[in-house]
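Peer 1: Chain by chain, the residues:
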Amino acid sequence: MSTQYFALPRLSLRFFPIWRRHWLVWKKIAAPSILGHLADPVIYMLGLGYGLGSLLPEMGGMSYMAFLAAGTVCYSTMNSASFEALYSGFARMHEQRTWEAILNTPVSLDDVVLSEILWAATKSLMSGTAVLAVIWILGLSNSLMSLWMIPLALLIGLAFAAIGLIMTALAPAYDFFMYYFTLVITPMMLLCGVFFPVTQLPESMQLVAGALPLTHAIDLARPLMSGAVPPQALTHIAVLLAYALVSFYVSLVLFRRRLSR
Amino acid sequence: MSAVIRATGLQKSYGGNRVVDGLDLSIHRGECFGLLGPNGAGKTTTLRMLLGLIAPDAGTAMLLDLPVPQAAREARIRVGVVPQMDNLDPDFTVAENLLVYGRYFGMQDSEIEARIPSLLEFASLTSKRDAKVPTLSGGMKRRLTLARALVNDPDVIFLDEPTTGLDPQARHLIWQRLRELTQQGKTLLLTTHFMDEAERLCHRLGVMDNGKLISQGTPRELIEQNIEPQVVEVFGETSGQWANEHAAKFAQRFEVSGESVFCYVQNAQPLVAHLQAQNELRYLHRPANLEDVFLKLTGREMRD
Numbered sequence: 001m002s003t004q005y006f007a008l009p010r011l012s013l014r015f016f017p018i019w020r021r022h023w024l025v026w027k028k029i030a031a032p033s034i035l036g037h038l039a040d041p042v043i044y045m046l047g048l049g050y051g052l053g054s055l056l057p058e059m060g061g062m063s064y065m066a067f068l069a070a071g072t073v074c075y076s077t078m079n080s081a082s083f084e085a086l087y088s089g090f091a092r093m094h095e096q097r098t099w100e101a102i103l104n105t106p107v108s109l110d111d112v113v114l115s116e117i118l119w120a121a122t123k124s125l126m127s128g129t130a131v132l133a134v135i136w137i138l139g140l141s142n143s144l145m146s147l148w149m150i151p152l153a154l155l156i157g158l159a160f161a162a163i164g165l166i167m168t169a170l171a172p173a174y175d176f177f178m179y180y181f182t183l184v185i186t187p188m189m190l191l192c193g194v195f196f197p198v199t200q201l202p203e204s205m206q207l208v209a210g211a212l213p214l215t216h217a218i219d220l221a222r223p224l225m226s227g228a229v230p231p232q233a234l235t236h237i238a239v240l241l242a243y244a245l246v247s248f249y250v251s252l253v254l255f256r257r258r259l260s261r
Numbered sequence: 262m263s264a265v266i267r268a269t270g271l272q273k274s275y276g277g278n279r280v281v282d283g284l285d286l287s288i289h290r291g292e293c294f295g296l297l298g299p300n301g302a303g304k305t306t307t308l309r310m311l312l313g314l315i316a317p318d319a320g321t322a323m324l325l326d327l328p329v330p331q332a333a334r335e336a337r338i339r340v341g342v343v344p345q346m347d348n349l350d351p352d353f354t355v356a357e358n359l360l361v362y363g364r365y366f367g368m369q370d371s372e373i374e375a376r377i378p379s380l381l382e383f384a385s386l387t388s389k390r391d392a393k394v395p396t397l398s399g400g401m402k403r404r405l406t407l408a409r410a411l412v413n414d415p416d417v418i419f420l421d422e423p424t425t426g427l428d429p430q431a432r433h434l435i436w437q438r439l440r441e442l443t444q445q446g447k448t449l450l451l452t453t454h455f456m457d458e459a460e461r462l463c464h465r466l467g468v469m470d471n472g473k474l475i476s477q478g479t480p481r482e483l484i485e486q487n488i489e490p491q492v493v494e495v496f497g498e499t500s501g502q503w504a505n506e507h508a509a510k511f512a513q514r515f516e517v518s519g520e521s522v523f524c525y526v527q528n529a530q531p532l533v534a535h536l537q538a539q540n541e542l543r544y545l546h547r548p549a550n551l552e553d554v555f556l557k558l559t560g561r562e563m564r565d
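Sequences listed follow chains A and B, in order. Our numbering applies: residue 1 is where the first sequence begins, and numbers increase by one. Our numbering applies: residue 262 is where the second sequence begins, and numbers increase by one.
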């Protein structure tokens, strides 16, 4: 592999016109998109919250519905960034050749990849905020601290967008993404503390969960939702940031290689 | 004359396969230069290197006096590209495609909006301003792609097979527009498979094969330098037998392709007189053209 693939990202403000392009596309389909962001997580939260919640006195020191609420914001945020980075990103790179059109202008691949990450994170911000709004309306969280969930949604979005773009860079076709959702996203949803505390898992599985980004996101989200300062907040933030930065770099190297033909 | 595009010893390999092999090229300001070659000859790879999208393994490329890929970003501010495959934004209208694309060049919205009416007029798309891209015909899409390549008022325009897949009406309109651009003093570099397109549009041509530029010059020079001036095509079931027995007597050079025999001659009169007496054969006598040159230089066998 040629050394020029490994150069550090050269970033510029030229990512912004690309972000505006994505925004203009999104505005045309805003209504179904918002519904899509909301329906799935809210139905999960209400269904499990009422159904299981009536059998469980409490979980982690709060009602099961409130426990679920923090996890729901995080996993819906993870999902929207992942879908955007994988399916929509692949469409723009491969199917519609949008990237090719952009790369013929004075915009570089580094700018394009940055704009993909920031756009997918923007989608996370929107879906996280939408779910949060439902939670506030239902009275499941009434602490001002829960406002910190908004920047957290952006951070989670950055991490999962960057990880997802690694898959996009490697994907020969859409089918490839099933591996990622089945082997990475679904296990995270089930192991990282969305539905029950990670401490319920056997020790070995707890170790695995501790390395996964969604665990750190939820460790930040749950105290914030109930109005507390998360313990070891800086560590969790650092882990999420590290996932975002390292994955951005890895995906960029892979895209440079893929598009050098 | 100053060269707007200059390549020296350009080389690129993919997986041990040398796609571009020591290419030297110099294109002057205001010139329309056509790159001809069979599929896989290295035309698109050459364009991508000249645009600074990929780095050559060896050699140098200059675009508008800037070295590429090192200064590709600065150079591309003054370059427009019409790609081989359609890559318009399907979610947008015609005008939105132009607006969004202009922003990539760092242009202000007001600046782009001011250019859109004249771009639409140039592309004969004024009435389609608010139409969505999927509703456009193939010819309209191509014209919009051309208009999009002009949004930044470029000095140089790269066109990769600009009329492939279009019907004759649509091709003629594109040709007319490309001639207008050269009249405005813009430099055009285009690739094509169509010899009539190359002959009509291009001041100079280069024929590429196996990554090398094997011949270049004006269309007339290419014909004069490479091939006999007259061609007689002989058809019929017995043409193969006729070729074995008689062709060499009349033609300096002939080629058999299926049931056709192509005879390349300095003077066609003796051959034509002979053929008039052959009832079972039909023939066509015509001046040599670029396609004859192309087939002579790159061979008749299929490439893919």
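Because the hints were derived from the structure by calculation, they are not lab data. Quick reminder that beta carbons are idealized off the backbone N, C-alpha and C, glycines included. Among the clues, some could well be false.
Stated by the list, open to error - The calculated lysine-lysine pairs, modelled on DSS-like cross-linking and capped at a C-alpha distance of 27 angstroms, are:
#	chain 1	residue 1	chain 2	residue 2
1	B	Lys389	A	Lys27
2	B	Lys510	B	Lys557
3	A	Lys28	B	Lys557
4	A	Lys27	B	Lys402
5	B	Lys402	B	Lys389
6	B	Lys510	A	Lys28
7	B	Lys473	B	Lys557
8	A	Lys28	B	Lys393
9	B	Lys393	A	Lys27
As the list claims (entries may be wrong) - Stretches of chain B that chain A covers, calculated by requiring three or more beta carbons in the stretch to come under 8 angstroms of a beta carbon on chain A:
#	stretch
10	362-373
11	494-502
As the list claims (entries may be wrong) - Quick list of the computed label-pair ranges, beta carbon to beta carbon:
#	chain 1	residue 1	chain 2	residue 2	range
12	A	Ala31	B	Ser274	19 to 29 angstroms
13	B	Arg290	A	Phe6	51 to 61 angstroms
14	B	Glu372	A	Ile150	44 to 54 angstroms
15	A	Pro57	B	Asp391	58 to 68 angstroms
16	B	Gly519	A	Lys27	29 to 39 angstroms
17	B	Ser385	A	Ile150	23 to 33 angstroms
18	B	Ser274	A	Phe16	50 to 60 angstroms
Peer 1: Which of the stated hints cannot be reconciled with the structure, identified by number in ascending sequence?
Peer 2: 3, 6, 11, 12, 13, 14, 16, 17 and 18
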